[in-house]
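Protein chains in written order, with the UniProt record's numbering: chain U, 1 to 478; chain V, 1 to 478.
Keep in mind the hints are simulated off the structure, nothing from the lab.
It should be emphasised that the depicted structure is a prediction, and the values quoted were computed from it without experimental measurement.
Among the hints, erroneous ones may be present.
[Said to hold, decoys possible] Just so you have them, the derived chain U footprint on chain V, three or more residues with Cβ under 8 Å:
id, region
1, 36 to 42
2, 79 to 92
3, 127 to 134
4, 229 to 240
5, 396 to 408
6, 428 to 436
[Stated by the list, open to error] So these bits of chain V aren't anywhere near chain U, every CB distance computed over 10 Å:
id, residue
7, A53
8, V74
9, Q213
10, R263
11, T290
12, L320
13, G328
14, A468
15, M469
16, E471
Ideal Cβ placement from N, Cα and C applies to all residues, glycine included.
Chain by chain, the residues:
There are 2 protein chains.
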Amino acid sequence: MKRYEQVVQTLAQRIEQGVYRVGDRLPSIRALCREQGVSVSTAQEAYRRLEEAGFAEARPRSGYYVLPRTTPSVLPKVSRPAQRPLDVSQWDQVLELVRGTPGEDEMLMLGRGIPDLGAATLRPLQRLLATLHRRVDARGLNYDSLAGSRELRQQVARQATTSGCLLHPDDVLITTGCQEALSLSLRTLTAPGEVVAVDSPSFYGTMQILKAQGLKALEIPTDPQIGISLEALELALEQWPVRAIQVTPTCNNPLGYTMPEPRKQALVALAQRFDVAIIEDDIYGDLAFTTPRPRTIKSFDDEGRVLLCSSFSKTLVPGLRVGWMAPGRYRDQAMHMKYVSTGASATLPQQAVAEFIAHGYYERHLHEMNRQYQRHRDILLGWVERYFPAGTGVSYPQGGFLLWLELPGGIDCVRLNDRLARERLHIAPGSLFSASGKYRHCLRLNYAAPLTASIEAAVQRVGETVMAMQEEQAALVS
Amino acid sequence: MKRYEQVVQTLAQRIEQGVYRVGDRLPSIRALCREQGVSVSTAQEAYRRLEEAGFAEARPRSGYYVLPRTTPSVLPKVSRPAQRPLDVSQWDQVLELVRGTPGEDEMLMLGRGIPDLGAATLRPLQRLLATLHRRVDARGLNYDSLAGSRELRQQVARQATTSGCLLHPDDVLITTGCQEALSLSLRTLTAPGEVVAVDSPSFYGTMQILKAQGLKALEIPTDPQIGISLEALELALEQWPVRAIQVTPTCNNPLGYTMPEPRKQALVALAQRFDVAIIEDDIYGDLAFTTPRPRTIKSFDDEGRVLLCSSFSKTLVPGLRVGWMAPGRYRDQAMHMKYVSTGASATLPQQAVAEFIAHGYYERHLHEMNRQYQRHRDILLGWVERYFPAGTGVSYPQGGFLLWLELPGGIDCVRLNDRLARERLHIAPGSLFSASGKYRHCLRLNYAAPLTASIEAAVQRVGETVMAMQEEQAALVS
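With the hints as constraints, model all of the structure from the sequences given.
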């Protein structure tokens, strides 16, 4: 056995024994040389082989990380929604998910879209907020200007260059969270009874806007790796009077895919051909695992027909409620909608976020978070593989901190939640993400915060409960 | 001449010579005794006579204050709006008023609805905010619960008892400013094309909601002392399919009146008879000059048909965007609308306001502000009398910090604003407060912040400009 093969074997054994677990960083080349008494080239060769064998992956400027033992063998299926305009339901389930603060009733919410709020790189934000609130007297708590603070709009415009967007600060409108941006967009573009095409599954917050405004959702088949089917969308645009296309093309919620750039470009062309507006939800876009981050659809739009919506709720903290939109040619109407919706947004949080970006803290925070989230994705994939029944479909997120599971054998995740409630656990059932409650056999999990032993135990319990339900079903059938 | 008569004469002379000016506090009884070498009963008698003669007024537990020389002789007329459902216009003028932060472009905004942000009694709020932001780490910046923080809802419910309202914390929904509360109310109650009855003149923010939602405004004649005409409203309810009645019955914006309680009660009875909901904007209600503050319409409602809307933007500071509503029987729909509009409201500002109220700071602040605003009202009334043409109608606010002027001779306040812009002055033209731009000959002034010499000079310039425009008109006619 060659020297490097011995090293490979040692490392592989340690991984199998759980000394290094999924997502852990393996020893550096230097450390490995020291520990095993081998040369740098031998250590390098060992890692290359380990990588080839699918045990580990190299991450630029960081090192080698333990991969889930197999890449997920089953992806969720391409969705096949109804493809006719539907009224939106499911509010009760959404309400259950968002009613309380997590921890308030000691329910462990495994499915909510909340980032890791314990990150060290968020500390400068707290410092900035505390300093601002100490420094600024009540006069600084006047109404801000309606479009939002100029400093923040400037920073947002600068930051948008990383997604290929050239925005002027005046193109940006600060909102009270991304939810308001999406809401204003839909109110700007549509009237009750009209039809909006959406990717499917689709963020429940947007679906509920459709419901509240009496709009109809036209759910378009969506591929878990490349996003909304342009072919199906084209057919739908020919068939139905679609007023707007609503998509989350980058680090999609809940599926985690990023649409390939050529498809983003083709989507803009399609919208042009049918003269329809696009609402682009980019709230997770800055959390992509690649550098530079993927381009937005907006970056391919030279007609101002894309309304780009985002916020700092997933990249920083949700409780500041600082969001923004770049509404393109619809700016004037969006501004009116913003005025009647909430007036100017809160003053000091805007300043704090602007300074956080200006000082470079935002970039550093993103860098750390994206490494963490990628690591966590791999760990959670490992757990799902270990604890969920064979045949469970799993997404392979390109960014963000949300995993989508498709359970085999028609397990109902609303019923699953009822069972989990006894153990104070809660997952986001897939039915939230459909106008008519499809995807009941799917669920969303969050891997943002540190994946502690108690989270692992909770994931394991979910998996066990699913398997118990499968067995009960099987018993009923036989 | 009796001793007390000499004292009266001395004080009257000083007032006429401007030693004491309108709104100033006169010497205390004790100080007057010392200064004039008279007994307490003589000093008391002197003040009684001064009061009778209309020079001063006594304020409980405070002292004697100089009154404007005559009470305003001309009140604004009872409004006579169109009384048929109208589409709302005037957005451009509203945008001009709210686009920028005051001071940003060094324009002196004399007409905006902004409280005195320099008040010493606001300092504990800043302290609380600074402490909270220092103490709470990023985990405290998670999404709050959708209905809002329980502590704040508790405080709001307790505070509401001062207006005769018995609310449970669960009856309260925290919003992002009163504007969101009003917006959610209208979205909860109406669909595009429907008719909403409003007092007239009416807050432009509400009018613009009607515009944004494609609603029609049915403007009801309104008396500058007792509010919306119930007689005219009854006729309107018989004639038109009114979906909601929107009023600001306490410390009305812009007219300053408070509807007498029997009329509030009668309004509820009318709404019951026609089975229509009432949206009650109470944003200035806590700023009434009487103790206890007037009752809300909501306090007479035992069917849950009144949606009470308010915020801390006028009583504390606007830039926190903390508002609330008590939507009565419409709570579930309002909650859904809240979710789709902005999700949960920002977390820490709610906590800060809750603690501010709990510690008794709010009550103290209101007490101080209401004394200040009442004093300022009298001063501004004096200036209007001095600097504006004879025949100018002036409101007599019962609370809040806004004065309404009705100019004689058909002066156009939009044109007036154009002229004032050259001197970096801006008033709120009356046309903002009407669906179709009526009240162009009216304007709103703010007397919240200290009425400095430069504010006096500005008010004088507005009056002079009005008179110059009158003369030009007269020259054209002759």
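Count the residues of the region 127 to 134 of chain V whose Cβ falls closer than 8 Å to any Cβ of chain U, and tell me whether that reaches three.
Three-residue rule met by the region 127 to 134 of chain V, so holds; n is 5.
Are 3 or more residues of the region 36 to 42 of chain V near chain U, judged by a Cβ distance of less than 8 Å?
violated (count 0)
If you count the residues of the region 79 to 92 of chain V with a beta-carbon closer than 8 Å to a beta-carbon of chain U, do you get 3 or more?
violated (count 1)
Least C-beta distance between V74 of chain V and chain U, which was stated to exceed 10 Å
holds, 33 Å
Under a C-beta cut-off of less than 8 Å, do 3 or more residues of the region 428 to 436 of chain V approach chain U closely enough to confirm the stated coverage?
Coverage by chain U is violated here, the residue count being 0 at a Cβ distance below 8 Å.
In terms of beta carbon proximity below 8 Å, does the region 229 to 240 of chain V have 3 or more residues touching chain U?
Result for this restraint: violated, n = 0.
Holds or violated: the region 396 to 408 of chain V covered by chain U, criterion of 3 or more residues with Cβ-Cβ distance under 8 Å?
As far as the region 396 to 408 of chain V goes, the hint is violated, because 0 residues have Cβ atoms under 8 Å from chain U.
Taking the closest pair, is the beta carbon of T290 of chain V still more than 10 Å from chain U?
At roughly 26 Å from the nearest Cβ of chain U, T290 of chain V sits farther out than 10 Å, so the non-interface label holds.
Say whether it holds or is violated: A468 of chain V keeps its Cβ farther than 10 Å from all Cβ of chain U.
Label holds. Min Cβ-Cβ 32 Å, cutoff 10 Å.
Could you let me know if the closest chain U CB is still more than 10 Å away from the CB of Q213 of chain V?
Contrary to the label, Q213 of chain V does not stay out of reach of chain U, its closest Cβ about 8 Å off (not over 10 Å).
Least C-beta distance between M469 of chain V and chain U, which was stated to exceed 10 Å:
holds, 30 Å
Least C-beta distance between G328 of chain V and chain U, which was stated to exceed 10 Å
For G328 of chain V, whose nearest Cβ neighbour in chain U is about 19 Å away, the distance exceeds 10 Å, so it holds.
In this structure, the earlier hints numbered 1, 2, 4, 5, 6, 9, 12 are contradicted, and the remaining ones agree with it.
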